[in-house]
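Go by the hints and put chains B, C and D onto chain A.
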Amino acid sequence: MEMAEQKTAIVADAPHPVAQTLRMLWRDKFALAAAVFLLIVLLSALFGPALLEGVATKTNLRGRNAPPFDFSQPWYLWLGGDALGRPLLARIIVAAQNTMAVAVGAVLCSLAIGTTLGMIAGYTSRMASQVIMRLADVIMSFPSLLLAVIVLYMLPPSVFNLIIVLAITRIPVYLRTSRAEVLEVRERMFVQAAKVMGASSGRIIFRHLLPVILPTLVTIATLDFALVVLVESALSFLGIGIQPPEITWGLMVSQGRAYLTTAWWLSFWPGLAIILTTLSLNLLANWLRTALDPVQRWRLEIAVKKNG
Amino acid sequence: MKKFLWKRAVASAISLICLIILVFFLSRLTGDPTDLFLPETATQEARDNYRRVHGLDQPLVSQFFRYVTDLVQLNFGESVRRAEPAIDPVLRGFAWTLQLATVTMALVTLAAITLGSLAAFHVGGFFDRVATFFSLMGASAPDFWIAIIAIVVFSVGLGWLPTSGTGSVWHWIMPVAVLFIRPFGLILQVVRGSMITALNSAYVKTARAKGVENRPIIFVHALRNALLPVITVIGDQTAAILNGAVIVETIFGFPGVGKLMIDSILQRDFNVILAAIMVTAFAIFILNIMIDLLYAVLDPRIRY
Amino acid sequence: MAYKLGRIAAAFMVSAVAGHAMAQEVTVVLAEELDNVDPCEASRSNIGRVILQNVSETLTELVPGTGVEPRLATSWEETEKGTWRFHLREGVKFSDGTAFDAEDVAHSIARMTNPDLICEIGNKYFGGIELKTNVVDENTIDITPDPVQPIMPLLASTITIAPSEAPMDAYVDVPIGTGPYVWDEYVRGQRIKLSANPDYWGEAPSVTGATYLFRSDASVRAAMVKTGEADIAPNIALQDATTDMDFSYPNSETVYMRLDHSIPPLDDVRVRQALNYAVDKEAFLGTILADGTIIAKGITPPSTIGYNDEVEPYPFDLEKAKALLAEAKADGVPVDTKITVVGRIGNFSAVQETMEALLSMWQDAGFNIELQMQEVGDWVEHLVRPFAEDRGPEIVQAMHDNANGDPVFSMFFKYDCEGAQSATCDEKLDTMIEEATALSGDERAAKWSETFAYTHEIAADVMLWHMVGFSRVNPRLDFEPTIKTNSELQLGQIKFN
Amino acid sequence: MADHLIEVRNLSVDFHTAQGTVHAVRNVSWHLDKGETLAILGESGSGKSVSASAIMNLIDMPPGEITSGKVLFDGRDLLEMSSSERRKINGSRIAMIFQDPLSHLNPVYTVGWQIAEIMTAHGMPAEKARTRTLELMKRVKIPDAENKIDSYPHQFSGGQRQRLMIAMALALKPDILIADEPTTALDVTVQAQVLSLLEELQEETGMGMLLITHDLGVVAEAADRVVVMNSGEIVETGTANEVYHTPKHPYTKKLISAVPGTGKMTDPLATGIEPILQINGLTKHFGGFVAVDDASLTVLPGETVAIVGESGSGKSTLAKTLLRLEDASSGSALYLGRDLVTMPSDELFALRRDIQMVFQDPTQSLNPRMSVFQIISEAFEIHPDILPKPQWKNRVRELLELVGLEASHMHRHPHQFSGGQRQRIAIARALAMEPKLIICDEAVSALDVSIQAQVIDLLVKLQEELDVSYLFIAHDLPLVRDFAHRVVVMQGGKIVEQGPVAQIFDDPQEDYTKGLMAAGLSPDPEIQADRRRARAELLETTI
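Residue numbers (this note's numbering), protein chains in the order written: chain A, 1 to 308; chain B, 1 to 304; chain C, 1 to 497; chain D, 1 to 543.
None of these hints come from the bench; they were simulated from the model. Every value quoted in this text rests on a predicted model; they were computed, and no experiment measured them. The C-beta atom is built at its ideal place from N, Cα and C for all residues, glycine as well. Take the hints with a grain of salt, since some may be wrong.
What follows is a set of in silico ranges between Cβ atoms, one per label pair, in the way DEER data are often shown [stated by the list, open to error]:
id	chain 1	residue 1	chain 2	residue 2	range
1	C	K322	A	T262	33 to 43 angstroms
2	C	M168	A	L155	37 to 47 angstroms
3	C	D267	A	L155	24 to 34 angstroms
4	C	T431	B	V72	32 to 42 angstroms
5	D	S82	A	T262	35 to 45 angstroms
6	C	M168	A	L108	50 to 60 angstroms
7	A	S201	D	A536	33 to 43 angstroms
For reference, chain A alone in the conformation it holds in the complex (with noise of 0.2 angstroms):
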């Protein structure tokens, strides 16, 4: 109590946020390389395509599953080359486009669908509230992978169809949480302050309830980020997903397992983007999770440790 009181009389000369931000980031190394790799992942899946599409999808049947590591070949050829003969360095750039668009979409959809109903379940009447909880009962207890595969049963199997069935497996995650933290953060003095104010519940939702739960909203999403691709992955494995000419990285994985005793760098290039990717991703997480708690930043804060 005493020491936080100390901390804000001097937070008031406090660096700029983003740079201080910057500086907790570089404290925490595995959290600066996870960015930085996902940066690089960003960059691929926003330009990958338009450069490298050509390269990817020429097919070579000749010099189909060509090892990987002859630098004497193309750098594209160098992580090998797959059971048609295409690069397998230039696919997974391409593919980054697909699987980002894949997990972004559907975490972000989830997101917002999830909240909205979760705030609304947790501010508004009883009976909306009993309507909605029971609709992520109904979600929750519906096996995620049948809901994929009975949406893509009657939709072809296409990135848009793909996301809305991740995306409406994860609301409940986003719905039950929003709907806990408007429970409990709807009885702060500044909602009721708000509330003397005037303000409407639309008013109070958004502008007071919103931002103060979505840092924790935003940290599951990390995780769930995550979680889609390797789903997606699992989907391409069972052969419901994504359908080839398109590739997504969980595609590329399970086509490649056939080949796991003979040619081990089909599978294992992919799923070593699969598994960085989504580790970035919740190492960024977990340093996301300390950079937001009071009580726990002051390990990214301090600059030497120093022990007595």
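Only chains B, C and D this time, still in chain A's reference frame:
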């Protein structure tokens, strides 16, 4: 207490009914099982016949009505694919899945709580970093990938473990290990986060002022308080396994309900899908009620 | 430490699979569980591999390279036009102790064609055919198919015989048959056990018992034979077939791309030929597909009668394809219309890569073409009539299995205007099929040969390959898979080394 | 030297943060003798608790670091000992109790178990510990101890919880008891009971007691000697009497002068003015529980009416009902003739401008995610008729200057301000609506004394300038004495007494009001000693 259970039962029943309606109509939207069941060469006559025998020629609403009428008498209908009542393979599969979920989650809970608590106590230290890194790493890998590599390494390469199937305790090791990884990573993180908060709490300060040793501070004072968010996640993860450890079941030839569900939907064996969903949903509702009761056991402030 | 663990584990495993070395038993690992065990469903490969000729036997048997041989029928003849008389083997008993007689045959035929039971064999081989039976005496039966079936003895090789106690309107839980093995137990989801039938009418087999296990992942099946957990994995993937335990065999499956002749531009023969010329079928062999795969020119494999040796497959000729396309375009054929290729997910192990490679070849030739891989349930709606009204030009990837030696099992429903899977409607072709079906002997073979030449000429479809399958077999067994291995696995033919 | 029970010598403790090192305490030295009570007096942020934390080994390192100093106990330096040695001392030789016993007791274990644990942790067999626990609970006057031993902390009242903490701390008869703000969150009457319990127990055991507090009244009541701390340094030491009557350091002087309840009382306003608010028979039920029971009072324009009562008296519920945060069960509250209780929501919306509220805890009543500008200008967003958008910035600037804050800080967020500054922001927010009546719900209770005085000065100034009325809710009588026109005393949902401030303070009629007065602590040790004596006599006569 009684009122709480009653309310939960009613809420669950409502959810279950919604679920049945949803699955009944959604699954039928995927199409007709006739073409899948009959050989490609079958005549139109044979197809009509098949639809008649399985009641697929009726309007959807009357099919639903018939299904519900049977269901009230606990008749889940026949499997169109298998020569047996739809509930039979479901119960068989569910028994396996339940065992798998129980064993896995028991191990996960034990390991994640112990290691997560220790990581929280040494937060920022070497152990914490290593535990966090490896748990995240494990949780980040696609499970079918791990499963196949495990078979290649431990069965084919080293010959330590049987590749797949059931039978001895050795057959359980790889499926459980593969299923273990993701919930372990997740729960370890939740335990760690929750324990960090608990270890920073005022009552832990009191305990330190009382001269209590570190071990009881971690595992007695902080842990019980930190467990509430943890058991929620444990519940969710258990539910996820109950809902079908499809990948593990597929690769390790484990006769669980998850693979059955996927196969049934691919074969459009609607009655089996419905029976499977009802059984797992029922189990999950029971699980959720148990979790709620566990809250009250762990935290005397919670009373229903 | 690790070594010790390994040894303990090994010890356990030996005890777990101890059956092996002791008795003459084998373990077979299959891809899918048996959802039904009724002998009348034995034409499904997952059921047939366990039951066919092991538990349930047929009247006749098609032996690869030899032809139709006796099994439960010792001889047969066409007594009058269209009526076939089968003389049944005497002294044969079902595993439930009842004797095998003509009534059982009549019952089995009635049962498998019963519209209320819906049996695969009845629907697959006898759709649209009415079978009249007449029990002459205990060991003689007359079968009269309508319409007339010149190949009735061959068709008889598909009919599994169940005792007359088998219910008419319900599947059986335990198959009872006359075969060399008896159905011991079926622990659903886990295993099936068969053991040798002590009262078998024929020669006692070397294998005294068999356990069937089910693993849907091909690499796991291969691994199981390698680790000794199984003896035979009848169906493994090409990429796993890397050891000398692995055998390849023509599996009677033919992969082809069905063209929809009713929608432009596929109604134009030049466009269809261009599609054929654009595919470098050779390039797949030894790469995506196994060595030993045969380039196809007709829908049935070389072991079928009427296989036309004179027809040459369309060679890979990109220029020719482009030229044909240009020519068609000049005549106003809308060759730029987007064509959809519908592939079936998981149809064979490299289907994904194959389709992607095909697509890129066709794109090279200048086709506007896209690929959709679909689950079987959706795919079958593109393959089987009635087709969607609003469809565009479609090419459906399909794999056809004809191990029965006669093209009749293929041609009508693939190419006749009325055929369930036919997207072709050509009067001349219809007549040829009709004529061939009614003939027998060499005339029949010649007519089929002519028909194949014609389908090739009009480029009815893009024929690709006759495939090979791979089995992994434990070296302690003397067993080589054949073209029949896809649909049956006769334990009686397995010997020990 | 070794004759002191414990001695802290030249202790300096730093905390490391991203903004650099914070010197929590610098060169602090003090000592405590047997049977003596030493008070460390300081406001928040003064570092008054740090030396106690160092003694108990409760400083997390990192981020904390002890840069110099010794803590001598039994002739040994505690800071040199291993943690297991220190664990043996903690609880058995030196024990500690804390402010806010609810959060310092483990919510999921029974109090009996928690008290017994301090004994079992130091080697006592479980059964014996339980017997002793029961004794201790009886000793600290927990009613029905036999049954309550297996109850959980949340099942006790605040005062009982602090007694339980005391029982726990004294279980092993420690040589030293450190009490960190032991009565801060408690009602005045309970505070008095807890302090006298501590005094009694000290007499019994002869332990030394270190009392950490911000409250001069507590010092006057309990301390022999006092150490005054400010910004991590000791500014003054001496006996309680010396420090109060002859403070040397300017900080001490300022602190003493800020203590409320010593100034001139305000005269009541002239009667005959139309009241701005007239409450008649207002009642609020929660199920069967009556939170506010038939309350009637009036507020005149420009008047400050204080509502005083202990926790559970219904004073906050009354305020919430007036603001329609809760719906009244019956009765009326006429605001300029219109009934707030039954008013339809559109009318109520317009009226929100006239009646505003300032909440107890400014940390919680300001949205942490909004800047000061956003917080204040939200009033204009909600009520667009107040001000056109281009003028918002100027008005916010004006308001900030009015409440004594720098206008240039308007883009900062609440956490960048101190507690007192935050409450000023909250007041500015209320003023943005240009209200006629401001309800202050314990608006200064969470603040340090010196800050309290400043905020109250501000409120008085604003009333003079803007002629607003205040309904001032407080639990602390001396606080309202200096500036309320009239005082309303509530107990158990009922108004027990109301009248002009002078009447209530100089001539209370009701026993409850008298009791409340008597329980209040005077900052003057001499007055407090008299009161203690009087209390003791009262106790003897009643027995």
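Taking the hints in turn, this is what the structure says about them:
no., hint, verdict
1, K322/C x T262/A: 33 to 43 angstroms, "36 angstroms, holds"
2, M168/C x L155/A: 37 to 47 angstroms, "42 angstroms, holds"
3, D267/C x L155/A: 24 to 34 angstroms, "30 angstroms, holds"
4, T431/C x V72/B: 32 to 42 angstroms, "58 angstroms, violated"
5, S82/D x T262/A: 35 to 45 angstroms, "59 angstroms, violated"
6, M168/C x L108/A: 50 to 60 angstroms, "59 angstroms, holds"
7, S201/A x A536/D: 33 to 43 angstroms, "57 angstroms, violated"
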